[in-house]
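Turn these sequences into a full structure, and let the hints guide you.
Using the working numbering, the letters of the sequence shown map in sequence onto residues 6 to 119.
Take these hints with a grain of salt, some might be off.
Calculated pairs, EDC-like style, for lysine to aspartate or glutamate (alpha carbon to alpha carbon, straight line, at most 20 Å) [claimed, not checked]:
(1) 112 to 72
(2) 112 to 84
(3) 112 to 79
These are computed hints drawn from the structure, not numbers from a lab.
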Amino acid sequence: TLFNALTHAGAVAADKLFATLDTTSRRVFLNDAGSIVLSDTVGFIRELPHSLVAAFHATLEETAAADLLLHVVDASHPDREAQIAAVDRVLEQVGAAEVPRMLVWNKIDVLAAA
6 TLFNALTHAG AVAADKLFAT LDTTSRRVFL NDAGSIVLSD TVGFIRELPH SLVAAFHATL
66 EETAAADLLL HVVDASHPDR EAQIAAVDRV LEQVGAAEVP RMLVWNKIDV LAAA
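Here you go:
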């Protein structure tokens, strides 16, 4: 994952639902520039059962305190634009609509092979 590549954290990574349910944070040192904290949150799932919505929102509320959000998007997914819109809606609901965002396209190699 991008998080593991940047932090050398060895965090659990799996291409399946609910592989990770908790936010993982690690400090990254940037030589003379100081350090930053990177956090890997749970993935977004559209049409999440209502019983789980509150738990996911509680986990994602800390995004409102971020200086920058890296939104990792599966470039190969046929419905990626709807997925981006779903994330935008949730970020608005948790008070993070004004936090600057950078889209990071993942699985671009799969898209090129199609």
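Structure-based check of all given hints:
Restraint check: the Cα-Cα separation between residue 112 and residue 72 comes to about 25 Å, which exceeds 20 Å; the hinted pair is violated. Taken as a hint, the residue 112 and residue 84 pair is honoured in the structure, with Cα atoms around 14 Å apart against an allowance of 20 Å. For the hint linking residue 112 to residue 79, the alpha-carbon distance of about 6 Å falls within 20 Å, and the restraint holds.
Hint 1 from the list above is the single one not met by this structure.
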